[in-house]
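Protein chains in written order, with the working numbering: chain U, 1 to 162; chain D, 1 to 162.
Quick caveat, the hints were computed from the structure, so don't treat them as lab data. Predicted, not measured: the structure shown is a model, and the values here were computed from it. Heads up, a few of these hints could be off.
What the hints assert, rightly or not - Short, incomplete list of chain D residues facing chain U, as computed with Cβ under 8 Å:
#: 1; residue: I5
#: 2; residue: Y72
#: 3; residue: W123
#: 4; residue: L139
What the hints assert, rightly or not - Pairs of lysine-lysine residues, derived as DSSO-like cross-links and limited to a Cα-Cα distance of at most 27 Å, are as follows:
#: 5; chain 1: U; residue 1: K114; chain 2: D; residue 2: K132
#: 6; chain 1: D; residue 1: K133; chain 2: U; residue 2: K153
#: 7; chain 1: D; residue 1: K128; chain 2: D; residue 2: K7
#: 8; chain 1: U; residue 1: K28; chain 2: D; residue 2: K157
#: 9; chain 1: U; residue 1: K48; chain 2: D; residue 2: K114
#: 10; chain 1: U; residue 1: K114; chain 2: U; residue 2: K60
#: 11; chain 1: U; residue 1: K157; chain 2: D; residue 2: K114
#: 12; chain 1: U; residue 1: K7; chain 2: D; residue 2: K21
#: 13; chain 1: U; residue 1: K106; chain 2: D; residue 2: K132
#: 14; chain 1: U; residue 1: K10; chain 2: D; residue 2: K60
#: 15; chain 1: U; residue 1: K28; chain 2: U; residue 2: K133
#: 16; chain 1: U; residue 1: K133; chain 2: U; residue 2: K106
#: 17; chain 1: U; residue 1: K34; chain 2: D; residue 2: K153
#: 18; chain 1: D; residue 1: K114; chain 2: U; residue 2: K31
#: 19; chain 1: U; residue 1: K132; chain 2: D; residue 2: K133
#: 20; chain 1: D; residue 1: K7; chain 2: U; residue 2: K48
#: 21; chain 1: U; residue 1: K94; chain 2: U; residue 2: K133
#: 22; chain 1: D; residue 1: K94; chain 2: D; residue 2: K48
#: 23; chain 1: U; residue 1: K34; chain 2: D; residue 2: K132
#: 24; chain 1: U; residue 1: K157; chain 2: D; residue 2: K153
#: 25; chain 1: U; residue 1: K137; chain 2: D; residue 2: K28
#: 26; chain 1: U; residue 1: K2; chain 2: U; residue 2: K28
#: 27; chain 1: U; residue 1: K132; chain 2: D; residue 2: K114
#: 28; chain 1: U; residue 1: K2; chain 2: D; residue 2: K154
#: 29; chain 1: D; residue 1: K28; chain 2: D; residue 2: K137
#: 30; chain 1: D; residue 1: K10; chain 2: D; residue 2: K21
#: 31; chain 1: U; residue 1: K128; chain 2: U; residue 2: K153
#: 32; chain 1: D; residue 1: K60; chain 2: D; residue 2: K128
#: 33; chain 1: D; residue 1: K154; chain 2: U; residue 2: K128
#: 34; chain 1: D; residue 1: K28; chain 2: U; residue 2: K153
#: 35; chain 1: D; residue 1: K128; chain 2: D; residue 2: K21
#: 36; chain 1: U; residue 1: K94; chain 2: D; residue 2: K128
#: 37; chain 1: D; residue 1: K11; chain 2: D; residue 2: K21
#: 38; chain 1: U; residue 1: K114; chain 2: D; residue 2: K48
#: 39; chain 1: U; residue 1: K2; chain 2: D; residue 2: K21
#: 40; chain 1: U; residue 1: K128; chain 2: D; residue 2: K28
The beta carbon of each residue, even a glycine, is placed where N, CA and C say it ideally should be.
2 protein chains.
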Amino acid sequence: MKVLIRKAEKKDSLVILNLIKELAIFEKEPKSVKLSLSDIENDGFGAKPLFECIVAEINKEVIGMAFYYPRYSTWNGPTIHLEDLIVSEQYRGKGVGTLLYSNFIKMALDFGVKRIEWNVLDWNSPAKNFYKKSGAKVLDEWRTVQMHQSEMKKYLKNIRND
Amino acid sequence: MKVLIRKAEKKDSLVILNLIKELAIFEKEPKSVKLSLSDIENDGFGAKPLFECIVAEINKEVIGMAFYYPRYSTWNGPTIHLEDLIVSEQYRGKGVGTLLYSNFIKMALDFGVKRIEWNVLDWNSPAKNFYKKSGAKVLDEWRTVQMHQSEMKKYLKNIRND
Chain U
1 MKVLIRKAEK KDSLVILNLI KELAIFEKEP KSVKLSLSDI ENDGFGAKPL
51 FECIVAEINK EVIGMAFYYP RYSTWNGPTI HLEDLIVSEQ YRGKGVGTLL
101 YSNFIKMALD FGVKRIEWNV LDWNSPAKNF YKKSGAKVLD EWRTVQMHQS
151 EMKKYLKNIR ND
Chain D
1 MKVLIRKAEK KDSLVILNLI KELAIFEKEP KSVKLSLSDI ENDGFGAKPL
51 FECIVAEINK EVIGMAFYYP RYSTWNGPTI HLEDLIVSEQ YRGKGVGTLL
101 YSNFIKMALD FGVKRIEWNV LDWNSPAKNF YKKSGAKVLD EWRTVQMHQS
151 EMKKYLKNIR ND
């Protein structure tokens with residue numbers, strides 16, 4: 001099985017969206033994906049891209065991707081965040097994920113960042129073990145906090161009424 | 001006590017660095033800050049800024065800041081990440097942190113993002129309670145994973161030798 005790794009292009013937008021949806025199902029959040037095809041096309045492949053992808057291709061079919069964008073650490077400076085690493089279900093267990101992961105790491109090193117980072121579900125032990133074995137650290141002390149638009153509006157309304 | 005909130009400028013770079021260092025001490029990682037003054041000047045206030053800050057000023061002295069940059073969610077599209085929210089120790093407990101927080105949220109809403117996010121130390125209960133009370137969600141299921149440059153190099157070297 002010959003796997004080709006390459007940078008994603010605009011023509012890959014639909015398969016990128018489908019991989020995002022497939023990962024959301026695995027993460028038990030199938031309804032959380034609010035992005036449309038044109039969001040992917042415009043945000044990823046417009047004049048000012050907000051993310052990049054590398055994709056894995058078998059027989060000219062994209063079957064996996066690493067989706068990432070730059071971040072900034074107040075300790076280390078520029079970093080790259082790996083938002084999604086996904087291989088389509090029927091192609092799992094064949095080393096494609098590892099190939100995407102190592103290509104992502106190589107790309108980040110070439111780019112010159114001092115750190116890469118991503119998130120993992122605490123119950124996803126196979127993923128956690130894979131990352132740890134590769135030399136990454138799972139930060140057990142830190143938690144992610146999120147606030148959505150509706151809560152942001154509600155919060156500002158409440159403090160105005162205080 | 002009159003507090004002025006404004007966007008940071010290049011002239012604020014030193015006080016930004018000092019606030020970053022003060023936060024790192026609070027987080028029990030005083031030696032983790034590798035950034036220099038020129039990193040802050042170039043990365044924040046050069047031709048292509050990698051982050052932005054809003055600062056809190058009392059009597060023309062900057063005593064706190066919110067440090068943030070854009071991210072991208074494969075579920076929600078563009079988001080803003082609050083990397084550091086810090087008020088200098090002697091000015092804590094006076095509502096300056098809340099003022100920076102609400103100004104950050106207002107700025108993010110004006111910018112049009114559907115979500116904001118940040119990290120919190122699991123043992124920092126006052127911060128967690130403050131965020132929850134404001135309407136944010138602490139995601140207990142997710143963990144942050146990080147890999148530094150030396151481990152990235154080691155990983156690539158090992159797989160090449162496999």
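Against the structure, the hints come out as follows:
1. Taking 8 Å as the C-beta contact cut-off toward chain U, the hint placing I5(D) at the interface is violated, the least distance being around 14 Å.
2. With a cut of 8 Å, the hint placing Y72(D) at the interface with chain U holds, because the nearest CB-to-CB distance is about 5 Å.
3. Below 8 Å, beta-carbon pairs count as interface contacts, and W123(D) has one with chain U at about 7 Å; its hint therefore holds.
4. Hint status for L139(D): holds, given a least beta-carbon distance of 5 Å to chain U, under 8 Å.
5. For the hint linking K114(U) to K132(D), the alpha-carbon distance of about 32 Å lies beyond 27 Å, and the restraint is violated.
6. Restraint check for K133(D) and K153(U): satisfied, since their Cα atoms lie roughly 14 Å apart, inside the 27 Å limit.
7. Between K128(D) and K7(D), the direct Cα distance comes to roughly 26 Å. Compliance with the 27 Å bound is thereby established for this hinted pair.
8. Note on K28(U) and K157(D): the hinted pairing is violated, with a Cα-Cα distance of about 35 Å set against a maximum of 27 Å.
9. Between K48(U) and K114(D), the direct Cα distance comes to roughly 19 Å. Compliance with the 27 Å bound is thereby established for this hinted pair.
10. Using a Cα cut-off of 27 Å, the hinted pair K114(U) and K60(U) is violated, with the two alpha carbons roughly 34 Å apart.
11. Between K157(U) and K114(D) the alpha-carbon distance is near 17 Å, which keeps this suggested pair within the 27 Å criterion.
12. About 37 Å separates the Cα atoms of K7(U) and K21(D), which puts this hinted pair outside 27 Å; it is violated.
13. Between the alpha carbons of K106(U) and K132(D) the distance comes to roughly 38 Å, so the proposed pair goes past 27 Å and is violated.
14. Proximity of K10(U) to K60(D) is assessed by CA-CA distance (about 49 Å); at most 27 Å being required, the pair is judged violated.
15. With a CA separation close to 26 Å, the supplied pair K28(U) and K133(U) stays within the 27 Å bound.
16. Under the criterion of a C-alpha separation no larger than 27 Å, the hint pairing K133(U) with K106(U) is consistent with the structure, at around 17 Å.
17. A hinted pair counts as satisfied when its Cα atoms are at most 27 Å apart, and K34(U) with K153(D) does not qualify at roughly 36 Å.
18. Taking the CA atoms of K114(D) and K31(U), the gap is near 16 Å; set against the 27 Å cutoff, the hint holds.
19. In summary, the hint linking K132(U) to K133(D) is not supported, as the alpha carbons are separated by about 34 Å, beyond the 27 Å threshold.
20. Restraint check for K7(D) and K48(U): satisfied, since their Cα atoms lie roughly 23 Å apart, inside the 27 Å limit.
21. About 18 Å separates the Cα atoms of K94(U) and K133(U), which keeps this hinted pair within 27 Å; it holds.
22. Pair hint K94(D) plus K48(D) does not hold up; C-alpha atoms about 35 Å apart against a cutoff of 27 Å.
23. A distance of roughly 24 Å separates the Cα atoms of K34(U) and K132(D); the hinted pair therefore holds under the 27 Å criterion.
24. For the hint linking K157(U) to K153(D), the alpha-carbon distance of about 49 Å lies beyond 27 Å, and the restraint is violated.
25. As the CA atoms of K137(U) and K28(D) are separated by approximately 18 Å, the hinted pair is consistent with the 27 Å bound.
26. Under the criterion of a C-alpha separation no larger than 27 Å, the hint pairing K2(U) with K28(U) is inconsistent with the structure, at around 31 Å.
27. Between the alpha carbons of K132(U) and K114(D) the distance comes to roughly 32 Å, so the proposed pair goes past 27 Å and is violated.
28. Using a Cα cut-off of 27 Å, the hinted pair K2(U) and K154(D) holds, with the two alpha carbons roughly 26 Å apart.
29. Our distance criterion of 27 Å between C-alpha atoms is met by K28(D) and K137(D), whose separation comes to about 24 Å.
30. Among the hinted pairs, K10(D) with K21(D) is consistent with the structure: their alpha-carbon atoms are about 18 Å apart, no more than 27 Å.
31. Taking the CA atoms of K128(U) and K153(U), the gap is near 36 Å; set against the 27 Å cutoff, the hint is violated.
32. With a CA separation close to 31 Å, the supplied pair K60(D) and K128(D) exceeds the 27 Å bound.
33. A distance of roughly 18 Å separates the Cα atoms of K154(D) and K128(U); the hinted pair therefore holds under the 27 Å criterion.
34. Under the criterion of a C-alpha separation no larger than 27 Å, the hint pairing K28(D) with K153(U) is inconsistent with the structure, at around 34 Å.
35. Taking the CA atoms of K128(D) and K21(D), the gap is about 21 Å. The hint holds against a cut of 27 Å.
36. With a CA separation close to 41 Å, the supplied pair K94(U) and K128(D) exceeds the 27 Å bound.
37. A threshold of 27 Å between alpha carbons decides the hint, and for K11(D) with K21(D) the separation of about 18 Å falls inside it, so the pair holds.
38. In summary, the hint linking K114(U) to K48(D) is supported, as the alpha carbons are separated by about 19 Å, within the 27 Å threshold.
39. Proposed proximity of K2(U) and K21(D) is contradicted: the alpha carbons are some 49 Å apart, above 27 Å.
40. Under the criterion of a C-alpha separation no larger than 27 Å, the hint pairing K128(U) with K28(D) is consistent with the structure, at around 25 Å.
This entry does not satisfy hints 1, 5, 8, 10, 12, 13, 14, 17, 19, 22, 24, 26, 27, 31, 32, 34, 36 and 39, going by the numbered hints stated previously.
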